[in-house]
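Top line first, the protein sequences correspond to chains S and C. Residue numbers for the first sequence, in the UniProt record's numbering: 1 to 450. Residue numbers for the second sequence, in the UniProt record's numbering: 1 to 450.
Treat the hints loosely; a few may be bogus.
[Stated by the list, open to error] Stretches of chain C that chain S covers, calculated by requiring three or more beta carbons in the stretch to come under 8 Å of a beta carbon on chain S: (1) 159-170; (2) 278-286.
[Stated by the list, open to error] Derived BS3-like pairs: lysine-lysine, alpha-carbon spacing no greater than 25 Å straight-line: (3) C/LYS105 to C/LYS392; (4) S/LYS392 to S/LYS156; (5) C/LYS420 to S/LYS250; (6) S/LYS156 to C/LYS105; (7) S/LYS250 to S/LYS420; (8) C/LYS420 to S/LYS167; (9) C/LYS156 to S/LYS167; (10) C/LYS420 to S/LYS156; (11) S/LYS167 to S/LYS156.
[Claimed, not checked] Per the computed footprint, the stretches of chain C lying under chain S, defined by three or more beta-carbons under 8 Å from a beta-carbon of chain S, are: (12) 248-256; (13) 410-418.
Just so you know, these hints were derived from the structure itself, not from any lab. Note that the structure is a prediction, hence the values are computed from the model and not measured. The C-beta atom is built at its ideal place from N, Cα and C for all residues, glycine as well.
There are 2 protein chains.
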Amino acid sequence: MTALNFTHDPVRRSWIESANLPDADFPIQNLPFGAFERNGEARTGVAIGEHVVDLRALRDSGLVEAGSDAALACEAASGATLNRLMAMGPRYSGALRAALSELLKSDAPQRANVQRQAEALLPRIDEIALRLPCEVGDYSDFLTSLHHTERHGRYKGLADPLPPAFKSLPIAYHGRASSLRASGGEVRRPHGQYRDASGQIVFGPAPALDFELELAAWIGHGNAFTQPIPIDAAHEHIFGYSLLNDWSAKSIQWFEQVLGPFLGKSFHSSVSPWIVTAEALAPFRKAPVPRAQDDPPLMPHLRGAFDQQQGGLHLALYADLSTSRLRDAGAGPVRITRTHLDNLYWTFAQMVAHHTSNGCDLRTGDLLGSGTISGADDAARACITELTNAGKDPLRLPNGETRTALEDGDEIVLSARATKSGAVSIGFGECRGRIAPALAVAGRREEIAA
Amino acid sequence: MTALNFTHDPVRRSWIESANLPDADFPIQNLPFGAFERNGEARTGVAIGEHVVDLRALRDSGLVEAGSDAALACEAASGATLNRLMAMGPRYSGALRAALSELLKSDAPQRANVQRQAEALLPRIDEIALRLPCEVGDYSDFLTSLHHTERHGRYKGLADPLPPAFKSLPIAYHGRASSLRASGGEVRRPHGQYRDASGQIVFGPAPALDFELELAAWIGHGNAFTQPIPIDAAHEHIFGYSLLNDWSAKSIQWFEQVLGPFLGKSFHSSVSPWIVTAEALAPFRKAPVPRAQDDPPLMPHLRGAFDQQQGGLHLALYADLSTSRLRDAGAGPVRITRTHLDNLYWTFAQMVAHHTSNGCDLRTGDLLGSGTISGADDAARACITELTNAGKDPLRLPNGETRTALEDGDEIVLSARATKSGAVSIGFGECRGRIAPALAVAGRREEIAA
């Protein structure tokens with residue numbers, strides 16, 4: 001496993017000027033993969049500044065050396081999704097990123113040739129409709145922030161707010177793959193059963209909507225059924241990462257939850273559409289925060305030398321909230337969460353090793369969410385439930401509005417930034433969603449005896 | 001919605017004699033759909049007696065009227081899975097079953113023509129390798145037997161063994177789609193973390209393996225994202241049913257479970273490979289068991305006239321256990337569970353309506369498990385945990401062996417039979433799996449402080 005990605009030359013610049021802005025999410029050192037619709041066709045691409053390289057157009061351009069690993073990668077990515085490319089492992093996507101870096105760098109010999117084909121090759125991101133980057137077979141969501149878990153345990157009044165298994169294994173549940181959607185657009189408030197303030201069980205538009213700021217790993221090549229992935233190989237199975245907003249209807253969740261979250265989560269989960277590759281993030285690797293002295297020792301199948309040294313990331317993550325009133329007044333969003341990946345107790349490699357330790361097969365395109373990345377600091381609380389101490393201390397916005405949950409019209413934008421001295425900082429793009437009012441269907445609020 | 005399927009003529013017989021045996025699972029009145037491998041090719045088919053009609057061969061045979069609904073269905077089913085056919089709704093699969101019934105009936109005018117092509121058209125089931133009938137997007141598993149739920153609540157020592165939500169909504173969790181497998185072959189004992197008898201947390205081959213006897217519904221055409229399926233339309237979205245064995249490693253489950261079952265279930269779930277269509281089961285419809293007088297009234301979105309009258313099935317279900325010692329002695333399996341679909345508190349239509357009530361989209365090929373179908377009677381306990389009163393009363397086999405959990409070499413076969421006077425009884429085929437010893441990988445049993 002290479003610790004530093006050869007395409008990360010911090011001096012390199014692109015002749016696409018928007019990639020060179022200091023706050024650009026997609027400088028030439030990033031080159032994340034995504035899928036989109038263009039002229040009614042589903043395609044895949046690589047982001048550079050405010051543009052995207054259309055990979056089918058690139059395949060047909062003659063710009064990539066025939067028969068090379070990059071050309072094979074380009075061919076695999078010329079369908080509607082990235083699954084085929086992701087399944088090939090990092091060698092091919094890495095070769096394609098390296099070839100693109102050569103074509104897009106300031107002093108690229110091919111620059112004029114690329115520019116001649118720019119209309120086909122390089123649409124602007126704001127002219128395409130981004131889609132989920134791949135077909136997701138299964139989506140699993142973990143619970144790996146100790147702070148998030150402890151706070152929720154305290155809200156429930158538990159004597160020991162941390163579940164006994166928390167420090168022995170990364171707790172998780174199976175999520176719903178069908179309702180994953182790419183960033184953007186409306187998040188429809190769901191109907192559901194819940195207890196109202198009087199304790200009555202009712203069915204209607206669900207109150208207590210919340211966001212959850214997460215990072216999620218995309219599986220590249222998977223494992224054979226019954227064959228666990230050893231911790232030392234786990235990083236190689238992760239193609240890359242996106243932001244995940246695991247929207248939650250807490251009212252539904254509190255009432256329904258016996259075997260874990262179900263309808264309280266499955267109405268919508270938003271994913272940032274660009275997969276920032278594990279390769280692009282390699283320069284930002286760091287050791288995970290060490291376990292406390294009195295924590296139980298790591299079991300062998302969760303303990304890997306590379307993972308212990310480089311299983312974390314220098315990655316800051318943010319959540320911004322805007323409301324209808326703020327937007328109507330022309331005011332920008334309010335930053336409500338500033339957190340860091342260091343707030344995870346478990347690494348993604350540990351999640352992969354644990355997930356497959358029983359022989360469960362991960363498949364290309366599977367998504368593994370980190371769980372809400374809350375930290376110990378008040379500013380690092382990564383959902384409204386925590387930001388308001390379970391509703392006791394409403395969130396106060398600059399315009400006087402208060403929130404204990406998301407209201408219709410509220411919009412959450414997640415973002416993240418990998419930063420390390422000596423490296424060019426890279427971002428993830430945004431994970432955006434705005435709460436839309438519940439549909440009128442099946443919406444009668446009908447009371448039954450509790 | 002037609003209450004009785006026009007292809008169910010109880011007098012009709014097939015010229016394929018194995019379909020006419022009194023205990024045949026697949027008489028001409030059944031005609032279930034499945035997928036299989038034949039000469040290295042993935043195909044789909046329809047079972048009749050001990051044979052299967054190869055649907056790609058049927059398409060190419062000239063036996064189905066060109067342009068008819070049956071021909072369109074046949075074309076849709078000529079790929080590797082049934083997804084395309086299932087998505088078309090019951091009209092097309094129904095037309096194909098009707099056309100097959102005409103070709104296979106004793107006095108079929110085309111009989112000689114079919115028989116001439118029998119080698120291509122009608123392989124024996126024991127000469128093909130059955131596969132999962134379709135690609136499964138998401139698999140959800142419910143908890144709808146009151147008896148199963150209450151017993152487990154009592155084992156845990158709960159004051160109120162039934163969760164508060166149980167009678168308000170069908171409780172469920174998201175399952176793992178990747179580890180679903182067609183009936184047959186080995187079920188590898190998983191590794192996992194669990195507490196041993198001394199309370200130590202250990203990692204190793206998981207003890208306390210159990211089976212769970214379930215029925216599962218396959219979704220035909222799905223619903224649009226954010227658009228719930230009304231209870232009155234729910235039955236039309238169910239293409240058919242299979243048996244499901246939700247193998248469980250209770251030792252893993254008890255320790256890991258915070259957000260529901262995860263690795264304790266995701267190592268393997270077995271499905272009987274034939275989809276018995278909702279249409280074939282129509283003659284066996286019955287009213288579900290009425291709710292008790294003092295149960296909370298059904299909410300409107302879970303209350304449908306058709307469902308209240310015909311949402312149940314005259315369906316008996318069985319589990320048989322054999323062990324290595326029994327087989328070595330030439331003894332047959334022991335029937336350990338005799339239960340009935342009446343033991344479900346919720347209907348499948350209610351599961352569909354509930355699942356989509358928050359706007360979650362069900363997709364063609366999604367699988368909805370009923371949960372363990374245990375009844376009040378001791379004989380109707382549908383997992384070993386219940387059969388042994390959580391290990392207190394070991395299961396005693398005729399040869400003197402005892403069980404409190406499944407041991408390596410133990411084999412479970414699930415079966416079911418729909419029966420009603422005036423109708424020809426139909427079955428599901430078997431859902432079989434045999435426990436294989438844990439792999440040696442990652443198998444060190446390593447103790448850490450509890």
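Evaluated hints:
Here's how the segment 159-170 of chain C fares: 6 of its residues keep a CB closer than 8 Å to some CB of chain S, so the rule of at least three is met and the hint holds. With a cut-off of 8 Å between beta carbons, the segment 278-286 of chain C has 0 residues touching chain S; three or more are needed, and the interface restraint is violated. Distance check on the hinted pair: C/LYS105 and C/LYS392 sit about 53 Å apart at the alpha-carbon level, beyond 25 Å; violated. Restraint check for S/LYS392 and S/LYS156: the C-alpha separation of about 13 Å stays at or below 25 Å, so the hint holds.
Proximity of C/LYS420 to S/LYS250 is assessed by CA-CA distance (about 45 Å); at most 25 Å being required, the pair is judged violated. Pair hint S/LYS156 plus C/LYS105 does not hold up; C-alpha atoms about 64 Å apart against a cutoff of 25 Å. Pair hint S/LYS250 plus S/LYS420 does not hold up; C-alpha atoms about 37 Å apart against a cutoff of 25 Å. Distance hint between C/LYS420 and S/LYS167 is unfulfilled; the C-alpha atoms sit about 54 Å from each other, more than 25 Å.
For the suggested pair C/LYS156 and S/LYS167, the alpha carbons sit about 23 Å apart, so the restraint of at most 25 Å is met. Restraint check for C/LYS420 and S/LYS156: not satisfied, since their Cα atoms lie roughly 50 Å apart, outside the 25 Å limit. About 20 Å separates the Cα atoms of S/LYS167 and S/LYS156, which keeps this hinted pair within 25 Å; it holds. Counting residues of the segment 248-256 of chain C whose CB lies closer than 8 Å to any CB of chain S gives 4, which reaches the minimum of 3, so the coverage claim holds.
Against chain S, the segment 410-418 of chain C contributes 0 residues with a C-beta closer than 8 Å to a partner C-beta. That does not satisfy the three-residue criterion, and the hint is violated.
Comparing the model with each numbered hint stated earlier shows that hints 2, 3, 5, 6, 7, 8, 10 and 13 do not hold.
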